[in-house]
Each structure stands twice: as C-alpha cells, then as structure tokens.
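Colleague: Residues per chain are reported as follows:
Protein chains: 2
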Amino acid sequence: ARPVRAPRGVELHCKGWRQEAALRMLCNNLDPECGERPDDLVVYGGTGRAARNWECFDAIVRSLLELEDDETLLVQSGKPVGILKTHPWSPRVLIANSNLVPRWADWEHFHELERKGLTMYGQMTAGSWIYIGTQGILQGTYETLASLARQHWGGNLAGRIVVSGGLGGMGGAQPLAVTLNEGVLVCVEVDRARIERRLRTRYLDAMTEDIGEAIRMAGTAAEQKRPLSVGLLGNTAEVLPEMVRMGFIPDVVTDQTSAHDELNGYVPAGVSCEQAAVLRSSDPGRYVEMALDSMAVHCRAVLDMKARGAVAFDYGNNLRAQALKRGVENAFDYPGFVPAYIRPLFCEGEGPFRWVALSGDPEDIAVTDRALMEAFPYKERMVRWLTMAEEKVSHMGLPARICWLGYGEREKAGLIFNDLVRRGRVKAPVVIGRDHLDCGSVASPNRETEGMRDGSDIVADWAVLNALVNVASGASWVAYHDGGGVGIGYALHAGQVTVVDGTDEAGLRAATVLRNDPAMGIIRHADAAYGRAVEVARERAIRIPMINRFT
Amino acid sequence: ARPVRAPRGVELHCKGWRQEAALRMLCNNLDPECGERPDDLVVYGGTGRAARNWECFDAIVRSLLELEDDETLLVQSGKPVGILKTHPWSPRVLIANSNLVPRWADWEHFHELERKGLTMYGQMTAGSWIYIGTQGILQGTYETLASLARQHWGGNLAGRIVVSGGLGGMGGAQPLAVTLNEGVLVCVEVDRARIERRLRTRYLDAMTEDIGEAIRMAGTAAEQKRPLSVGLLGNTAEVLPEMVRMGFIPDVVTDQTSAHDELNGYVPAGVSCEQAAVLRSSDPGRYVEMALDSMAVHCRAVLDMKARGAVAFDYGNNLRAQALKRGVENAFDYPGFVPAYIRPLFCEGEGPFRWVALSGDPEDIAVTDRALMEAFPYKERMVRWLTMAEEKVSHMGLPARICWLGYGEREKAGLIFNDLVRRGRVKAPVVIGRDHLDCGSVASPNRETEGMRDGSDIVADWAVLNALVNVASGASWVAYHDGGGVGIGYALHAGQVTVVDGTDEAGLRAATVLRNDPAMGIIRHADAAYGRAVEVARERAIRIPMINRFT
Ligand SMILES: NC(=O)c1ccc[n+]([C@@H]2O[C@H](COP(=O)([O-])OP(=O)(O)OC[C@H]3O[C@@H](n4cnc5c(N)ncnc54)[C@H](O)[C@@H]3O)[C@@H](O)[C@H]2O)c1
Ligand SMILES: NC(=O)c1ccc[n+]([C@@H]2O[C@H](COP(=O)([O-])OP(=O)(O)OC[C@H]3O[C@@H](n4cnc5c(N)ncnc54)[C@H](O)[C@@H]3O)[C@@H](O)[C@H]2O)c1
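Each protein sequence line maps, in turn, to chains A and B.
When the letters of the first sequence are read in order and numbered with our numbering, they come out as residues 1182 to 1732.
When the letters of the second sequence are read in order and numbered with our numbering, they come out as residues 1182 to 1732.
Keep in mind the hints are simulated off the structure, nothing from the lab.
Note that the structure is predicted; figures quoted are calculated from it, not measured.
You may find that some hints are simply not true.
One copy or two, either will do: identical chains are not told apart, so a pair holds if it fits within one copy or between any two.
To be verified - SDA-like, lysine to any residue: derived pairs with alpha carbons at most 25 Å apart:
#1 Lys1560 - Pro1213
#2 Lys1560 - Thr1684
#3 Lys1266 - Phe1731
#4 Lys1297 - Arg1628
#5 Lys1593 - Glu1390
#6 Lys1196 - Ile1728
#7 Lys1266 - Gly1350
#8 Lys1196 - Leu1689
#9 Lys1573 - Pro1213
#10 Lys1196 - Gly1589
#11 Lys1266 - Arg1218
#12 Lys1266 - Asp1685
#13 Lys1608 - Phe1731
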C-alpha cells in the first residue's frame, strides 16, 4: 500500500504548469478517493492503469519534475520512454497505450505482453490521466437516461424500473443517475464490497441479497413514483434469467459489468468473487470459457426482457459481441446507447467537457460552475445538472466538474476559465480535458461508431487524425489508445488535456484545441452524411473541402 | 488518361512552401515517370494510391492552393475532410490512411469499404506523397549488403561471391547492389526475358546458361577482386543443389524469387517458364505441390551452403516458412534480413533518409550529393553510393536522392540543405522525408519488428508515438498508415516530410524533426534491450528515463 495524492495549491513542483498539471492528474488518478485499486495502479474499467508499474510511476514523476517548457515526455503503455526537445507550443506529454498491430490485437496477445511487462491497459482516461472519479460517468449516465426518458416517456423515469448489473468504477454511477431522473434501479453486483462502498458514498440507497425482496422494494417505490436504488448481491447471469422466469420484466434493462474483459472483468455464474480470484490465476483458460458462457446466458435474458416489452440497450461493455461469440445470433437486436441516445449530440460537436481545479479548493469549481451558468443561461439541461451537481456530487480527489458542451461553447468556456485564473477568481490553474468517448475522437464499431449512416463504423482514420490535430493545436498532453470499455482490438481513440494558467498563450492554445477537437466531431459526422452535422458545419463555418466552401 | 506532373521552379502556386511542397509531391507521385498506374492513382506496391479518386485529388489540390500558413488540411484515406486553423509551427497536412479498428482490419473488410468509396490503400509512401521511384529498392538492397559486408568482412564484398535467385521487379536490383559493394553475384533466374531486360538497363553485366561457366566467371572475378554480376538461366531448386554437389560454396546465399506466392511467384524444378504458365492454369493444385516441393529442395541447398560456411539470409520472400510446411524443420536456422542486417543500423538511428529538389533541376541533387560527401567524408558506404547513384541512377519525376543516415547525421543534413537553399546554391526549396520503413516508425512483426529481443514485435505504441512526435516537432506533413508491403492488419507505420526553404524557422523545424524522428528508433531499440542502442543513447545524450539520466 502506497497512498498517492496530488499536490494542491499554487506552488509549482515542476518547471511549468503543464508539467505540474500532468503530475497532479497522474497522482490524482491514483488517489484512493478517486481510483479503484490504486495499490495496483488500477484507476477504473477492469484493469485501466495510470502507469505500468510503480517503478514506471516513479520514473514518470521524476521525468515530469525535470521536464522543461520546450520538452516532451513520451509514455509508451504507462512507461516513460523518452524526453525530447520539441518546442513551447507542442504538448508536454505524448501517450500511446495498449496499441498492438491489428492482426494480433486481442486479449490473448495483450495478456502475454502484459505478463512480460511490455504493455498495460490504458482504458480511456486511466492511462491518459484525466479520470475524475465517478462524476464523469454519473453525468454521462444521467444524460443518457434523460434522453431515453424523453424518447419513451416524455421526460423522466418516475414510476419506471431499471435493471442493470455492475457497481464498479463506472457502473457505480447508475444508482444516482437513475434516481436523479426520478426512477427506480435494481442493480445486480457480485462483489459485496462494491455495494457497500456505494452505500457509504450515498450513491446507492439500499442493499439486499434476496431477489424477491429487491423486486418488491422496486415495485413499491415505482408505484409511489418514489426514486430508489437497490444493490442486489448476485450474479447477472443468474439473477436476470431468474427474473424472467419469475415473470418480472423491468421497464428498462442494460448492463455495466466489465463484460469487455472476459478474464478480469466478468465473474462467471456459480462462482463467488473470491473463488473467481483464485480460478482466474490457477486456470485462466477455463475461467474465460466459463465467463463467456455466462455472458451468453446473461445476454439471452436481456433479449427475453426486451421481447416482453423492456427497453433494452447496451451500455458499451461489449456484452453483445461476447455473447455472439457464444452463438447468441440475435445479440445485436438491441442497440448501443450511442446510436440510440448520444449521436444526435455528437452532430452538434457536443461531448463530455470536463475540468479540474489544481488548487484543490472545491470553491474554485463552484466559481467555474457559476461562470458557465452565467455564460450559457439558455442551456437548461446544463444549468439543471450543474445546480444538482454542486449540491449532491461530492468531490473525489481534486475538485472537478463535467458537463456536455458543444462546438463553440467549449472554446468559450476555456477562455472564461483562463480569465478566471488570470483575475485570481480561482486560486490556481485549471485543467480542461474530456473522455475519449467524444464526437470526433473514437472509432468503436460496437459503441461510439455503431451503425454509422454511411457504413464507416470500422474506419479508424478519424481517431488518428484527432490525436494528430490535438498535438498540432497545442494541447498540454495527448493520448492514443487501443481498447477502453469494449476491449483490446475493438476501439481506437484519442484524448487531449489542456491547462489554462491565465496567460495569453495558454488561452490561445486552449481556444485552438477546444475549437478543433469538437470540430472533428462535426466533420466526421458530416462526412458520414448526418444532415445536422452538415448544417452545423455550414452555420459555424467549419471548412469541409468536399462539402462546403467559405471563400 | 490524365497526365499529372509536378510544377517545377521557384514560383509559388500556394501561400507557402510547405503547402507548395505537398502539392508538388502529390503530383509527383502520379507522374507517369514515377508512379505505376497513375490513371488509377496507383503509385506502387499493388494498389498504393496518392488520393482516393480524381474528385478527391482535385479537392486536395484546391485545398492546398488556398491553405494559409497557420492552417492544417486533414486527409482521411486520400480524401480531404477538413481545414482547421492551427498555428505556424504545426504541420500543414495531417494524413491517416487505411486505418481500421483492429478486430476488422483485414483485406475483406478493407475491400468492402473501398468498394463503398470510404477508404483507399495508402501503402507507405504512396498516400503520404513521398515516393521517389525505384531508386529506393536499389539503395535498400545496397545498404543491406553493405551492412552484411561490414559485419562479416569489415566493409565491402570485394572478392566475395553472392548466389541468389530472381531478377524480377525488386530482385532485379540485386546485381547492381552487389557490384556497387564491389562483389560478385551469380543470380539464378528462370525467365530469359528478365535476364535480358536487366542486361539492357545495364544493371546486370553478363549472362550464361551454363552453371560451370557461371562459377568460373565468378571465381575469376572474385580472385581479381573485380565486381561482376552474372545472370544464370536456370531454376534455383536445381542450380543450388547442383552447386553444392559440385562443391561450390559461395560466400553469401540469399533469394528473391517470389516464393511467398506458390502459385504465381515460384517456378518448380524441371519446368520451363512457358510450361509453368500452362500448368499453372491447367492444374493449379499440382503446380502448388510441385512448387512447394521445389522450395524445400531449394531451402535445403541454402542450409547446406550455410553448413559449409556460407552466410545465409532470407530477403523477406517467405521461402523459410514455405519449406517448413514441407518438413524442412531447420528452415529458420538462417535469419531474416531485418534482424540480421538492418536492425543493427536501426540501433544507430539509421534509416532511409530521402530528399527531392522542388526546382526540378537534377543539378540541385548533384549539389546536395556533393554537400553530403563533404560533410560526411568518413561515411564510406554513403560516399560510394552517392558517387555511383549520380552516375547510374536516372531520375524519375522530380529529381530525388536516397541514402541511409543515422542519428545526428539526418539533422545535420537537413541544416546543410536549408543552408544551400538560403545561399541560392540550390534553386528552390528541398523536401526531406523518408520511407515508413524506418528505425522508430513502424510496427510490423513479419518484417521490421520480426524477432525483437524482448518479444515486443507486435507492440504498436511506437508507431503512434512517432507520428505524434513528428507533429509535435514541426514536420510539414505527417502520415499514419495501416498496411504497406505486408498487407492490411499486418503493420502500422508513420511518415514525416519536412520542407526547408532557407529560413531560420524552417531550419529549426527540420532540425527538430530530423533529430527526434530517428531518436525514437534508438529509444525503441534501447527499450527492447539492444545493447548498441543503449550505448548510442548514452553517447548522444538521448534521454530515456528508465535507462539513463543526464543531470
Ligand atoms: N461510456 C461507456 O460506453 C461506458 C460507460 C460506463 C460503463 N461502460 C462499460 O461498463 C463496464 C463496467 O465499467 P466499470 O468501470 O464499472 O468496470 P469495473 O470493472 O470497475 O466494474 C465491473 C463490476 O461488475 C461486477 N461484476 C462482474 N461480473 C459480474 C456478474 N457476472 N454479475 C454481477 N456483477 C458482476 C464486478 O464485481 C465489478 O464491480 C465496462 O465494460 C465499461 O467499459 C461503458
Ligand atoms: N523489403 C522486403 O521485404 C523485400 C525486398 C525485396 C524483395 N522482397 C521479396 O522478394 C521476392 C521477389 O520480389 P520481386 O518484386 O522481384 O518479385 P517478382 O515476382 O517480380 O520476381 C520474381 C522472379 O523470380 C523468378 N523465379 C521464380 N521462380 C524461380 C525459380 N524457381 N528459379 C529461378 N527464378 C525463379 C521469376 O521468373 C521472377 O523473375 C518477393 O517475395 C518479395 O516480397 C522483399
């Protein structure tokens, strides 16, 4: 056990704020308040790591401490491998995580390399040092469910029951996201400790080990249109089929177990959490077989619920593809959450804008919250979210906030924050980043790019270009990963983080990044023939040579 | 038919030399002198294209013509998809070609997308606009043999006899590559027409149909340390075993028949070229059996020669794997050319440095050749190559040159060229680039990264980091591709091109790129535990956080 916590305050340990920000955000990813298993350097999402091992962590810290303002640190799957002299406008850190040559990009080869100490799993914001605890996923899940509620029931989830699985790093946001939408959740989780943790942080309202009790509690609350979340200790591959057998069909069914990772993320039916840990190392081959079999059973139960009237959707954990491997031919009969609820936002350049107060003072976040509400009073959903978040979301690690902003808005917000730093309205520089799940940054045919209108789901040039554009625009650090939520070989994606320290240069760089990064989302969707994206490009004069001209 | 030819001379059509260079190099790739099937936009290597289609080509040209000095054009698999405002230090063009999400990265999915008009094959230097004709393969073969000579005989092949097979598209470079190294070659070729063609272009010195005569000629020349190349009409699977029986063991044995393709590439023993053509279509099954049997015989002869003292290596034609299929258990007892002869160069940061005179005047290349010979008089191999190239290599398209330079040398060469432009010693700016096959830019387990010491053959983070570093360092354009010579899904690689126009800024940018780009090769090989790379990093103060420190 080696607790890590980001330094707070205005004192620099590094030679510039961009290096300092990278240092603090790396540490923050491993803050016990924030990351899932910091002792193993695991931040979230199965085995998403911040650094390959502790030796690498120490070397990254050392490197950041000595890094000059015109130097760039290279990080290869969580290991610092080089320091190069570049120039002041280029990123201070460049990161590539978990990338394999496609023909060999699968878990088997990945794990073999991992055992040899040659790679690590970067997930999305773990290896790119911009994880902000469960708030990120809370907000995303809140938006997704709100969008679902609008489509199916005209506004909220009052009186509706949602069934899901997993209360891990991201899945743990589900209870609060559902109750914030006024609905009822039964969430199946195999690990008692995870349930207890969510009870402690009051994201989750109640716990039971009894399926009948869970159903009764949910039914009563739904009848009374009272928000409620219940953690049900159990295995999804056992509980969901049992619910179907019992004739219990929820209004909504989804899942957030780590089904994308059949060895480390998903516990097979009939196996306890502890037994799973043993079997995983004693007979990994058998473990994987069992896990995949269970996923097939699990997925079939979701399909059964859908057949009997539930709204089913996939929350990006690759359960459908895993089940398909095991012969569940109709696994893809229910949609992913992106085409169903998120893509319309992508066409506006909307995405998960997030920021962190390096001062460590929650009041700084309150100041930024108010500034955004002032700047965008017409963004009703954002205002409602920020008001709620200020009240209910406790900070984990460095104080942070997330809200979805579109093209133009992100740039404006960046400049507002830079100005707050300049004027001393916030006490230290602010870090601005985003999830890799964004409008123009990812190629992931089972999630973000599922069912693209032109059939370009598997084209990955866009993710590459996004990484290159963010470097070219002056981001503070840029990352490019294989994997993430859907597992090795199933997604490629880029991330950027930009620091505003109140200087003109920082403002200009932030504005450039925060304009170009979402522009790529609009370009990508316009190229794929989404009419709204073409429209936005025209309205906002985003230049797409074969679609529009502005001369 | 729509002939394209790059503009020549000092007059700008674009708003800056970087845009102009991109424009000219794009056109040059399609120059009928240079590219293979310019009407289909195919430059080389199967279907490696410069642009997705003619409409895209026109749109790229238009975009480059209007592109400002602080704007960046995005090219997605040969289609221009966006123009973004970045900043003066960032690249003018960012290119991503043929990239697919790994799980789907195979020919079947690629061709489906290609039919839909959603992608194109970028090869290495086709889609990244830095192809310079067949000079590349000649120099690469020369360099491989020079490296072999250095390892075994301290410098050149004088007095040494090489035996090889194949005088086809690439193999036809062997005779000149051997004689440039002052050695003697006996090259067995089954097709008389191929031999005669190489005699006509004077790549090959002599021809015979008699094995005894070939051996006598070779022996005499070797004794006199006189360079000589002899084309021996015959079949490798007959001639090589016969040589062994006769007790003739060459100093070096390799092969460039198209053994990788058992139906269309390799002629079985006992069959003439004409008979082969007939049998191939009348009984392809039998043909393949016979070809594989012959390859086993051929490979055993190579092994016999090796056992009796010859230096044997594979030139990437897959003969070893084919023979292994036929039970030649020890086929892999001799190494591939990359691990054996190229990797040691990679450990020095050496790679295929190439440049192009935008003036269009061959005299400009002569000036740069002389400048390099003056700057690096101790680089014997390079001097010998440049002297010969000046004499024997005719330009295809814009005048160009290639030679392998190492870490430090590339940077120095870039500054020298910039200075030549500044002083008007060359008439227009010079384009400096390289093949994607380079020390730190590629992940390709069947070629460039075969048999890495630490087992990291399939790790692709390095190619990603290379692309990002080149953007961060100020290259004029940067490309990142899937595919190339080994096919979709089998390799990922990055390329950079930098233009020197005589200004200080261009010099600084070129120096930064040409220092950092090969530095990544040294870093990659040092990380993989190659002692020489670790040494070079120490000698040249290349900072690798977990290997060395310089503070
Ligand atoms: N943006 C998105 O697309 C998105 C958002 C949220 C989550 N996800 C996906 O959801 C998954 C979960 O993410 P996470 O960070 O919470 O992962 P995690 O590994 O931290 O948590 C997974 C949880 O599932 C539990 N679990 C595993 N197998 C189970 C089973 N059979 N029955 C019941 N519980 C079981 C584990 O005990 C653990 O608590 C991932 O695949 C992630 O990629 C995607
Ligand atoms: N960088 C690299 O990895 C690299 C470089 C050069 C060549 N290669 C490999 O070398 C091979 C040759 O390339 P190419 O472009 O010259 O191919 P090619 O098909 O144009 O030429 C092959 C030649 O071999 C001759 N041949 C076939 N079978 C024969 C036999 N049994 N005996 C004698 N001659 C025979 C053919 O007549 C033909 O002239 C390919 O497999 C290629 O991939 C690899």
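Colleague: Hint by hint, note whether the structure agrees.
Modeller: Here's how the hints hold up against the structure:
no., hint, result
1, Lys1560 - Pro1213, "neither (34 Å within a copy, 56 Å between copies)"
2, Lys1560 - Thr1684, "neither (28 Å within a copy, 48 Å between copies)"
3, Lys1266 - Phe1731, "between (38 Å within a copy, 14 Å between copies)"
4, Lys1297 - Arg1628, "between (30 Å within a copy, 22 Å between copies)"
5, Lys1593 - Glu1390, "neither (49 Å within a copy, 71 Å between copies)"
6, Lys1196 - Ile1728, "between (45 Å within a copy, 22 Å between copies)"
7, Lys1266 - Gly1350, "neither (37 Å within a copy, 38 Å between copies)"
8, Lys1196 - Leu1689, "both (20 Å within a copy, 23 Å between copies)"
9, Lys1573 - Pro1213, "within (20 Å within a copy, 68 Å between copies)"
10, Lys1196 - Gly1589, "neither (31 Å within a copy, 28 Å between copies)"
11, Lys1266 - Arg1218, "neither (35 Å within a copy, 41 Å between copies)"
12, Lys1266 - Asp1685, "both (23 Å within a copy, 17 Å between copies)"
13, Lys1608 - Phe1731, "neither (42 Å within a copy, 35 Å between copies)"
Hints 1, 2, 5, 7, 10, 11, 13 from the list above are not met by this structure, while the remaining hints are.
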